[in-house]
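J.: Generate the whole structure from the sequences, applying the supplied hints.
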Amino acid sequence: MTGWLLLLIAQPAMSVLGQGEPNQPQPQADDELNDPRFGIVEAFWHPDDAAELSVGWDRILFYWNEIQPTGPDDWNTLHVLEEWLQDARDGNRMVMGLLKNTPPWATDAEPYSGVPRGLYLPVDDPNNLWAGYVRKVVGYYAPLGVHHWIIWNEPEIEVGVYGHEFSGSTRDYYQLLKVAYQVAKANDPEAVIHLAGWSYWHDPAWLGKFLQVATADPEGAANHYFFDVITLHIYFRVETVEELVQETRAIQERYGLDKPIWINETNASPNLDPLWPVERPNFQVDLEQQAWYIIQAHALGFGADSASIGIYKLLDILLPEGGESFGILRPDGSRRPAYYAYRTTIKYLSGFTFPVGRQKEGDFYAFAFQRPEGVTRILWARQSSDLIVRVPALADEAILVSAMGQERSVEADEGYYRIQLHGARCMPACDIGGPPVFIVEKTDEPVDVQAIEPIDPQMAILATATPTPMERITISPAEQATAEAELATQVAWTATPTATPIPSETPTPSPTATMTPTSVPSPTATPTAASGENDADGSGPGDGSTRPGVGESVLSWLFIGFALLLGLVLAVFVVRHRNSR
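Per our numbering, the sequence shown starts with residue -18, numbered consecutively.
I should point out that these hints are in silico values taken from the structure, not numbers from a laboratory. Take these hints with a grain of salt, some might be off.
Mimicking BS3-like on lysine-lysine, the simulated pairs with C-alpha atoms at most 30 angstroms apart in a straight line are [what the hints assert, rightly or not]: (1) Lys341 to Lys294; (2) Lys294 to Lys328; (3) Lys190 to Lys166; (4) Lys423 to Lys328; (5) Lys294 to Lys166; (6) Lys294 to Lys117; (7) Lys117 to Lys166; (8) Lys423 to Lys341; (9) Lys328 to Lys341.
Beta-carbon label-pair distances, calculated as ranges [claimed, not checked]: (10) Asn168 to Ala231: 27 to 37 angstroms; (11) Leu300 to Glu171: 29 to 39 angstroms; (12) Gly52 to Asn204: 25 to 35 angstroms; (13) Asp425 to Glu260: 51 to 61 angstroms; (14) Glu171 to His60: 19 to 29 angstroms; (15) Leu443 to His60: 51 to 61 angstroms; (16) Asn204 to Ala231: 18 to 28 angstroms; (17) Pro427 to Gly189: 30 to 40 angstroms; (18) Glu171 to Glu139: 33 to 43 angstroms; (19) Glu171 to Ala202: 14 to 24 angstroms.
No experiment lies behind these values; they were computed from the predicted model shown. Beta carbons: idealized from backbone N, C-alpha and C, even for Gly.
T.: Set out below in structure tokens:
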């Protein structure tokens, strides 16, 4: 049987990031814990959905102005409910707290973003209000399981710019971090201190300026420069995930540092959701593209040696109608395709070990992950054209998995799999690649994923794809069920006759949703390549089916020409026969 599966491979001669530094986290030894390298922001709003995803961490905002609204003696424990923390423990998720928002009583500057009063006083001075708050919040929540603390959010955004959160200088932020580090470590030996999330594009030089201040501190080197983790926020253009992790690593290496890099926020919010149209979108993104982004961001991030990646976010709360919605659940709690894509990503990557195999070509990306069960590979097209690739096999057969999680078996043919990758939807730039596919193979022995035979780009066959016309659709609540049912057919899996269908678990919809991705493949005709997704334009065959090759098209025209010639000969014969009479 022919089945060319997409392998994710890395060639030895290629530059591959991440050789497995000593500080790079590997999977938890405790089988009961979810892999801590997969997270999501604000999972606590829908803990059951988060539990089904098997995410390893949740991020919760600890607003200083809400916990101590009127003075240092305030203590509002209802701002972060212990029920949320218990849900996280029950769901095997760790919790990260994000500390921010100076209360008006604690600053002489702008409320919420102002530098706390007494920040440069000794940490044991009661007039150092920030130190007092950190001491109290860490001391209270550490016994409840909160040990990771992010110190503020995006301090690089200037006053007057949307998203501004910190009015102090880079030097002030370093002092804020230094105080928090000393106090947290003194009150919780397990405390881990994360830098504020850096959005990069607001100030690409910010991290370098911060590290210049940190490394100039005489007390810095002996105290690990008062932080444990560098934090990134990356959105929309998926290949910048890899680029910005690489750039961040290069910046810290210039200062002699080697800190783990976490991507605490990443996503591409869909403005083309018919059930939630966005009034003022920043990018043109449809529901499937958001799902593809989730998978691609994890492959690119881990391939660049990011230690952990989190999706922003599970659910948008109190979002005004027409507002930009990032949630992989809609504001009404119904699931978007991105939810299933993230569940698929976690299912087939959990437990992997660094380093990751990586192959980057002009037309496609390929990544390989070593897992206890074998090797999982992810591959997608980078350009708008469809692509058929010839992929070296690690086993006699593999499971081909779509972005939505549908599975089917594929057998190697003379040591190779073959698969069709559908092109990206470019509007006009290809900010997000085409539909990714997973190749899951069981191997008897561990595989050096950085030494797997690469896919030969010269053997790839390009096929022209018709661009998908994107239009904004407004839908009434009464049409919701119909729209979601149609969406389910868009992501349904259609297998080729040469592949043996393997039903996967059927996603359980929320009460307000009716979309259930099809789990059982249906046969189509005459395969030429295994395929992982629907045609981009929706006009061709569905998942797993194939388009006629060049040879088939020529043969069809020969048959038509022969039929016309035969008809002409018969017509002449009839006319001459009648005339002879």
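J.: If a hint holds in the structure, say so; if it does not, say that too.
T.: Status of the hints after comparison with the structure:
no.	hint	result
1	Lys341 to Lys294	28 angstroms, holds
2	Lys294 to Lys328	19 angstroms, holds
3	Lys190 to Lys166	25 angstroms, holds
4	Lys423 to Lys328	15 angstroms, holds
5	Lys294 to Lys166	29 angstroms, holds
6	Lys294 to Lys117	28 angstroms, holds
7	Lys117 to Lys166	13 angstroms, holds
8	Lys423 to Lys341	24 angstroms, holds
9	Lys328 to Lys341	24 angstroms, holds
10	Asn168 to Ala231: 27 to 37 angstroms	35 angstroms, holds
11	Leu300 to Glu171: 29 to 39 angstroms	35 angstroms, holds
12	Gly52 to Asn204: 25 to 35 angstroms	31 angstroms, holds
13	Asp425 to Glu260: 51 to 61 angstroms	55 angstroms, holds
14	Glu171 to His60: 19 to 29 angstroms	23 angstroms, holds
15	Leu443 to His60: 51 to 61 angstroms	55 angstroms, holds
16	Asn204 to Ala231: 18 to 28 angstroms	24 angstroms, holds
17	Pro427 to Gly189: 30 to 40 angstroms	39 angstroms, holds
18	Glu171 to Glu139: 33 to 43 angstroms	35 angstroms, holds
19	Glu171 to Ala202: 14 to 24 angstroms	23 angstroms, holds
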